[in-house]
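For reference, the chains in residue letters:
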Amino acid sequence: MLLRHTPKEITERSALTINPAKTCQPIGAMYAALGIHGCLPHSHGSQGCCAYHRSALTRHYKEPISASTSSFTEGASVFGGQANMLQAINNIFSVYDPEVIAIHTTCLSETIGDDLKQIKKKAQDEGKIPAGKTVLGANTPSYVGSHVTGFASMTKSMAMLAEPTGKKNGKVNVVPGWVEPADMEELKRMMGLIGVKYILFPDTSGVLNGPLSGEYKMFPEGGTTVAELKSCGDSSGTLALGEWCSADAARWLDTNCKVPCKVLDMPFGLAATDRFIEALRTIAGVTIPEEISHERGQLVDMISDMHQYLYHKKVALVGDPDQLIAMTEFLVSLDMWPTHIVTGTPGNRFEKRIKEITKDLPYEVNVKAAGDMFLLHQWIKNDPVDLLIGNTYCKYIARDEDIPYVRWGFPILDRQGHQYFPTVGYKGGIRLLEKILGVLMDRLDRDAPETSFELVM
Amino acid sequence: MLLRHTPKEITERSALTINPAKTCQPIGAMYAALGIHGCLPHSHGSQGCCAYHRSALTRHYKEPISASTSSFTEGASVFGGQANMLQAINNIFSVYDPEVIAIHTTCLSETIGDDLKQIKKKAQDEGKIPAGKTVLGANTPSYVGSHVTGFASMTKSMAMLAEPTGKKNGKVNVVPGWVEPADMEELKRMMGLIGVKYILFPDTSGVLNGPLSGEYKMFPEGGTTVAELKSCGDSSGTLALGEWCSADAARWLDTNCKVPCKVLDMPFGLAATDRFIEALRTIAGVTIPEEISHERGQLVDMISDMHQYLYHKKVALVGDPDQLIAMTEFLVSLDMWPTHIVTGTPGNRFEKRIKEITKDLPYEVNVKAAGDMFLLHQWIKNDPVDLLIGNTYCKYIARDEDIPYVRWGFPILDRQGHQYFPTVGYKGGIRLLEKILGVLMDRLDRDAPETSFELVM
Amino acid sequence: MATATATKKSNAALDPAEVKKELLAKYPAKVARKRSKQILINEALENTTPEIHANIRTTPGIITMRGCTYAGCKGVVLGPSRDIVNITHGPIGCGFYSWLTRRNQTDAGPDGENYMNYCFSTDMQDSDIIFGGEKKLAAAIQEAYDLFHPKAIAIFATCPVGLIGDDIHTVAKRMKEKFGDCNVFAFSCEGYKGVSQSAGHHIANNQLFRHIIGQDDTPKKGEYKINLLGEYNIGGDGFEIDRILKKCGINCLATFSGNSTYEQFATSHQADLNAVMCHRSINYVADMLETKFGIPWIKVNFIGAEATAKSLRKIAQYFGDKALIERVEAVIAEEMPKVEKVLAEVKPRTEGKSAMLFVGGSRAHHYQELFNELGMKTIAAGYEFAHRDDYEGRQVLPNLEVDADSRNIEEIHVEADPTRFKPRKSDKELKALVKAGLAFKEYEGMIPDMEKNTLVIDDLNQYEAEKLVELMKPDIFCAGIKEKYSIQKLGVPMKQLHSYDSGGPYAGFAGAINFYREIDRLVNSKVWSYMKAPWQENPQLSATFAWE
Amino acid sequence: MATATATKKSNAALDPAEVKKELLAKYPAKVARKRSKQILINEALENTTPEIHANIRTTPGIITMRGCTYAGCKGVVLGPSRDIVNITHGPIGCGFYSWLTRRNQTDAGPDGENYMNYCFSTDMQDSDIIFGGEKKLAAAIQEAYDLFHPKAIAIFATCPVGLIGDDIHTVAKRMKEKFGDCNVFAFSCEGYKGVSQSAGHHIANNQLFRHIIGQDDTPKKGEYKINLLGEYNIGGDGFEIDRILKKCGINCLATFSGNSTYEQFATSHQADLNAVMCHRSINYVADMLETKFGIPWIKVNFIGAEATAKSLRKIAQYFGDKALIERVEAVIAEEMPKVEKVLAEVKPRTEGKSAMLFVGGSRAHHYQELFNELGMKTIAAGYEFAHRDDYEGRQVLPNLEVDADSRNIEEIHVEADPTRFKPRKSDKELKALVKAGLAFKEYEGMIPDMEKNTLVIDDLNQYEAEKLVELMKPDIFCAGIKEKYSIQKLGVPMKQLHSYDSGGPYAGFAGAINFYREIDRLVNSKVWSYMKAPWQENPQLSATFAWE
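Residue numbers (my numbering), protein chains in the order written: chain A, 1 to 457; chain B, 1 to 457; chain C, 1 to 548; chain D, 1 to 548.
Calculated directly from the structure, the hints in this document are not laboratory data. One or more of the hints may lead you astray.
[What the hints assert, rightly or not] Using 25 Å as the maximum straight-line C-alpha spacing, the simulated PhoX-like pairs for lysine-lysine come out as follows:
#1 B:Lys168 to B:Lys117
#2 D:Lys526 to B:Lys314
#3 B:Lys359 to D:Lys135
[To be verified] The following label-pair restraints were derived from C-beta to C-beta distances:
#4 D:Gly320 to A:Lys381: 49 to 57 Å
#5 C:Asn524 to D:Lys135: 51 to 59 Å
#6 D:Lys452 to B:Glu356: 45 to 53 Å
#7 D:Lys135 to A:Asn382: 52 to 60 Å
#8 B:Glu356 to A:Pro449: 43 to 51 Å
[To be verified] Listed below are several chain B residues computed to face chain C (Cβ distance under 7 Å; list not exhaustive):
#9 His5
#10 Leu16
#11 Ile18
#12 Ser46
#13 Arg54
#14 Ser68
#15 Gln82
#16 Asn84
#17 Gln87
#18 Thr134
#19 Leu161
#20 Ser213
Since the model is a prediction, treat every value here as computed from it, not as a measurement. Glycine is no exception: its CB is placed at the ideal position from the N, C-alpha and C atoms.
With the rest of the complex left out, here is chain A (with noise of 0.2 Å):
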């Protein structure tokens, strides 16, 4: 077994985290940042964050994740940061030139106290700032919320660039949280098709799904223009896809730029996406295209087709709230069972929005906010199910109990497909049906007798 250790037997732990189901802040920053046209987010810390966290996006892209840091040493934790910060800034600028320099705190320079608009003012008074070049900051220290808070804290610092002309864009601002590249396309093209004038922010699609074509460009074509950020405070609202990611910025326009702010979850599965459409379709006061109510009648049919291998299925998930929170409704619609939820994020409303969902189901379910793989994986042990959901950690769970499993979330190490193909929408609904069906039926196919070997599924 690769966790041998684990004992059915689960006993409270109150200090010790094993098998984390989240990371730090500043990741979630940097993903968020990346995001940016022409972004360089930089870590302000010391090297090994950097490190750490573009290796972590590299692994998970297999695409090159350019970042910068502070390179705290010993002397800058204790007199401060803002020498090397000031340094950094003006070499950025002048051997990369990014349009924007995108920064983070740590958990050190936080712990230290550094101000990061105090340090941006000194830059600018001392003109290292070029003309016409961005530079952005937020707040994420890591022994705050997760990744997951610091994706958050950094797009409100993209909301915080608006610069309202009091004269309206004629634009909805939409805020897509913590999805793929290839989601971010998606609901572009979904929007396109409904004819929506949208600014969607933050957008890593054409930044870290990248083309191999013998030139490296350091900043690529993808990513949400300044000018589209300065402008976000003239949209006519913001549709914030996630609780956990997108609903700080969205009502920070709200309060700041009036700009009313409706938060939705992920749209991930049938009746998210139902709500995401139906808010479009409000909002721009248009007709539906058919082209969009074909997809969505393609994932009822693929529903309907092969319900009988989907029905009363166990599965357990782990992830961030705002996908879990989406995939768990998509699964009970599908009259599954979601049974173990676990996030590393903490936040008592997921358990509580869990516990909504699936209030309707024969059973209670096991949910956890701030809980960790180490109780997934005992809860497993407790309660055995048909069908793993999460990041590529739950392979060592699935192959110790033998489970079916996709994978989905962050990070992903160990597979492709992720950054090409959308789970978000209608088609992102068969493409996760396609996978959950894949494993399952795999299954059938390796442990039916030869009896019962099938043809035809």
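Here the structure of chain A is known, so what remains is to put chains B, C and D in place on it, guided by the hints.
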């Protein structure tokens, strides 16, 4: 063992086919006919043919397949099927009211020598064909060629609806061959991006991947219209994708309507898609949009990222000639080693083409046209492979020999996805790669000793 | 109107005459006249069963559910025999389509002979059509023999074979003599014969009887020896029935033909009773076994828990042995509580719902048992390839007119075997059993079991099926794979009762439990409520978007 | 220009001075001055090795390959120890990122203790930062102990821990005393210490020596007892080396720290020789073991078949035992032919190609051996976190100036163990061995092994890496995961030499074979010829399309 009587030792067989790698012409004609808008395919033979073809297509698509039959009895078989057909045409137009009836023959009606042209003429003379309705026919004797031949014959009959006006329509005819609805959709998307005006026939997209909406449409929106088919004699040229599936239609238009043609491989994989796009570019004299180059670059990127898992892996393939030719070229371009290749469809050109494509490999490939899956299995027993690609019937070999297996081809009776996700073009190539990598990596994960179970792959 | 099905409740109340009128409205006069005789409103006519037209030609151009004679012979009856090498003589298609597509299960053990996963064909080419296929057929038989050395090789003719005049029976005979240790026989089951699969069943029955049944007189030991006729082990039905029979101590010598072997067929004449499941496909063998060997037959039905219990009691009653009767009662007493427990859980969710069944030659009748147990009413039903006796009961047999299509199907004349005929019961015993309520050689058909004013429709076609669903909005519809998705597009769950989609077994006690759960899943699946998008349900735009 | 790399051949010929100028051109003056001292053109200056600046701070904002002290301590040195519960004290990130990401393999057998697949962290929250994390740390240690009862628990400090002043060593001491049967110790390896991973190695070495090494005097049997230092069993390197040593009859008591156990460390002081693979990460332990226990150390290298043979001979020479020497020769004689066979096949496809290596503290040097064997020239190389002695050789050690960053890293003072110090060889014996060419405590560094006019660059950064590749167009580039894809985007295959991407082992004889094949695959992969679409290669449209 499921195929426990298959011996390793290979003995010559001249008369007995075991586990065929093809089926008969009429089903190909039926599938092609479903790619005409508002068309009811009609099987001129005894009831069983139609029942079998409808069942097979239904299992493959999980969609309703409507087709009618002349319901031959012993009497008709002796005295000829004309009466049955006339009665059928009358009933079909009054009960189902299609735009088009596409008749194909069977071994029965061919053996007794029914003459479609003459019967059609009689129907016209007797006013059984309402004004504005179309009846076309194709001769598809089951004892010649294969399902591929039948598809080609019906496709040719579509071309024969051409009514050249002498005035060019500024379009290119594109004959996609036997690919999935999702593939036809993808071809249209690519041509749309490139800005080529086209007539695609047949076109089963929107016909065989329909939604569930509470309505049953016997004749859905999709399909090539008769107007388009009539106009294809005025096109500037014809691109036939696949020698076996599409060349006849293209060459007929060339000879009879002076519409020049070019026969290309089916655009599966990198190189074949390159040639297809390049052809469109030259014909239309356009610049290829960045979006297409980007998709291409993504495929190349994925190949480079995952090359170590593909390198020199041995592959056995079974399917239809046009598909296998393109797939074999793709595998070779991935540095994989196609080792055993079988099609049930006759034609020495197939073996010649495969040998050309594989001539630089450090070994002699096993290739056979008019072969069967029994032989493929024996080849595998004598020279095991790392991967098996073929239709659902391969699952018996895959399980007996414990070979990673990708479902691709016709029919796929036990999995979902082929209706919805294309495998043509660059995006299709990415999907094929994802699937191939998926099964190869699943095997690595399954067989890895605990000492070398990999988190990052 | 179709779009409503999802939401609206069933319309069983509708006047059946109205429905029938609607069904016929669109037909040309000639077709309408013909179909009207095949669409019957079930009403007791001074206690005689109303008459229906069945086993007649399908009108060309009308999209039928039916298949062909080859399908009935090779696909249905011989398909499930695992140790016979079944070679299709013809172009490749027929063999290909009948390759593993019926979900007949078989258990050959780890190393028993099993050719069911294989497809054998002579793959006739045009030269064979022109110059004749006998040579190729002989060569194919030889190659099969050399590769596998099977006990038996069967040849199945497809359409062209009859037309070009290949003498497959002589070829078979010649090869059989040549091999000596391998029985080779052929079936002239060309697809164009008869009007449906049914003709193929008959042809299969004839040749089974001629070439295999009674070939092996090695005595079979054991008491209570029966054969099970017309059970094809779809989805494991046969395994469940075997389990129950075994538990009861009843010896099933042969099943025709689920999970069967050549040797079972060859020794089946040693049984003391034939229990007939699918009357349509196999009654010929039952009759011939009685005439030639003196084995009586009774109709049984293992579809439905109650029906299973009843069938077991009939068999016990036949043997009349106290020990057996008690054992049967003990088994029923042990099995029923499990069934009732599940039924009690499921029934509240199925009660009062309606079903339509259009399938096969007996299932449309048998499965009404299960729906009854679920409290569901069958509002319309019919067969795909049955005859009048399957609808109205065997009493109609004497006055069935034989039309051109039936006339061509051989009726073999059987006489009592000079040495092996042995009445299993004395006339006295038989009379007593009949008096006690056990009916021999009897099948009353589907119609008497159906409620008044339900619809009985023979050879239902696609057009009528959709109309029926649109008008009557059943909660579930049962037919075959070709019908499945057009019905489901209308928002009505469709259960295949040929191959069961992916489920089974549904026979016996365990099967009943499976079926209850399956129907519960289908009629209560959430998916049928998803068919309309919000913007399709309320196309009107509300004034403004409700921001937070 | 970048776009050309795919097609153009390597540009090794380029004047290195030109290249260096190009690399520095874009930098601000201050940065340029600093970098110019870290970019060295290799030229013999009257036979002394040229001087390079190394182990100095990375300039903020410059995108470096380097990681932090925690990574060097927890990630590199302690990570591979399987039966120590390694708890990260800090926010969740550091523990998460060092969880299974280095491909250190370990073999605990079917039921041995193995915590390497687990990640343990105190997941500090803001309250812990404000009120201190010692309580939580103690609780976490207790929970780990209660759950697993391990032999040892190690604590690793992350950045905030030092700043808020958690006294992790006292907590560890307290818990160790409390448990009695579990050794608990801590590492003050905050990420901000030092200038790279290197500081972490040193800190790890110190604590290993202080808390584990020499704790267990239970005698270890067997002859030719050695320790292997600085081998981390990435991709199974250690397994291959163990295989070879075993075959030679050499007893490896402990490997620091690939596939290692607590007990191996604790008894390692009983070895008679320390063989040092990665000089940078582990030389401290080697020195301390010599000072305290009298174990001499020699530099070895098992990367490269020739190097492996050479290292084995060195070890044999040290023990000076004829039997061993013969056995070693026999093993080499047995292993080399397999290697040479593959090399003969591959070399024609690799010969004359060029490589760049920028990685680690010893691999950039060791792997040049393998490329030499493949006939490939290393045209530029450098370390990520090494010191001058790794470049120039240990003779520079006395006159290394200690800067502010190094000063903070503890140097522990070690003395000969009063009871256990035992010289393994007499001075006479040692002198003789030295005379015979065996060098003790000696490492000559990378530079002397590199050709004239090659480039040696310390702490190469992303900007310089791309420039180098664009200018010199190597056939392969070796570094780490962060660098992999920016290099490959330029059309140059990139091989990770930290984690080997997915391959390995590359050490020893079998490893050499693996590496030959892997490099063959990379430099000859067809994919690099696909980067341009036809319409990108010939944007001009030919007049008309060539119809058939």
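Results for each hint:
Of the pairs offered as hints, the one joining Lys168 (chain B) and Lys117 (chain B) is violated, with about 29 Å between alpha carbons and a cut-off of 25 Å exceeded. Our distance criterion of 25 Å between C-alpha atoms is met by Lys526 (chain D) and Lys314 (chain B), whose separation comes to about 17 Å. The suggested pairing of Lys359 (chain B) with Lys135 (chain D) is violated, with an alpha-carbon distance near 70 Å, which exceeds 25 Å. Judged by the Cβ atoms, the range 49 to 57 Å given for Gly320 (chain D) and Lys381 (chain A) holds: they are separated by roughly 56 Å.
Separation of Asn524 (chain C) from Lys135 (chain D) is about 53 Å and conforms to the stated range, judged on CB atoms against 51 to 59 Å. Between Lys452 (chain D) and Glu356 (chain B) the Cβ separation comes to about 49 Å, which falls inside the hinted range of 45 to 53 Å. Our hint of 52 to 60 Å for Lys135 (chain D) and Asn382 (chain A) is violated, since their Cβ atoms are close to 30 Å apart. The supplied range of 43 to 51 Å is met by Glu356 (chain B) and Pro449 (chain A), whose beta-carbon atoms lie about 45 Å from each other.
For His5 (chain B), the interface hint holds, since its Cβ comes within 7 Å of a Cβ in chain C; the closest pair sits about 5 Å apart. With a least beta-carbon distance of about 4 Å to chain C, the hint placing Leu16 (chain B) at the interface is held under the 7 Å criterion. At about 6 Å, the closest approach between the beta carbon of Ile18 (chain B) and any beta carbon in chain C falls short of 7 Å, and the interface hint on this residue holds. Here the hint on Ser46 (chain B) is kept, as its CB sits about 4 Å from the closest CB of chain C, short of 7 Å.
With 7 Å as the threshold, the beta carbon of Arg54 (chain B) comes within range of chain C, its nearest partner Cβ sitting at about 5 Å, so the hint holds. Of the supplied interface hints, the one on Ser68 (chain B) holds, with its beta-carbon coming within about 5 Å of a beta-carbon of chain C, less than 7 Å. The closest approach between the C-beta of Gln82 (chain B) and any C-beta of chain C is roughly 11 Å, which is over the 7 Å cut-off, so the hint fails. Because the beta carbon of Asn84 (chain B) sits about 4 Å from the nearest beta carbon in chain C, less than 7 Å, this interface hint is met.
Of the supplied interface hints, the one on Gln87 (chain B) holds, with its beta-carbon coming within about 5 Å of a beta-carbon of chain C, less than 7 Å. Interface hint status for Thr134 (chain B): violated, as the beta-carbon distance to the closest one in chain C is roughly 16 Å, over 7 Å. Because the closest C-beta pair between Leu161 (chain B) and chain C is about 22 Å apart, greater than 7 Å, the hint is violated. Using the Cβ-Cβ criterion of 7 Å, the hint placing Ser213 (chain B) at the interface with chain C is satisfied: the shortest such distance is roughly 5 Å.
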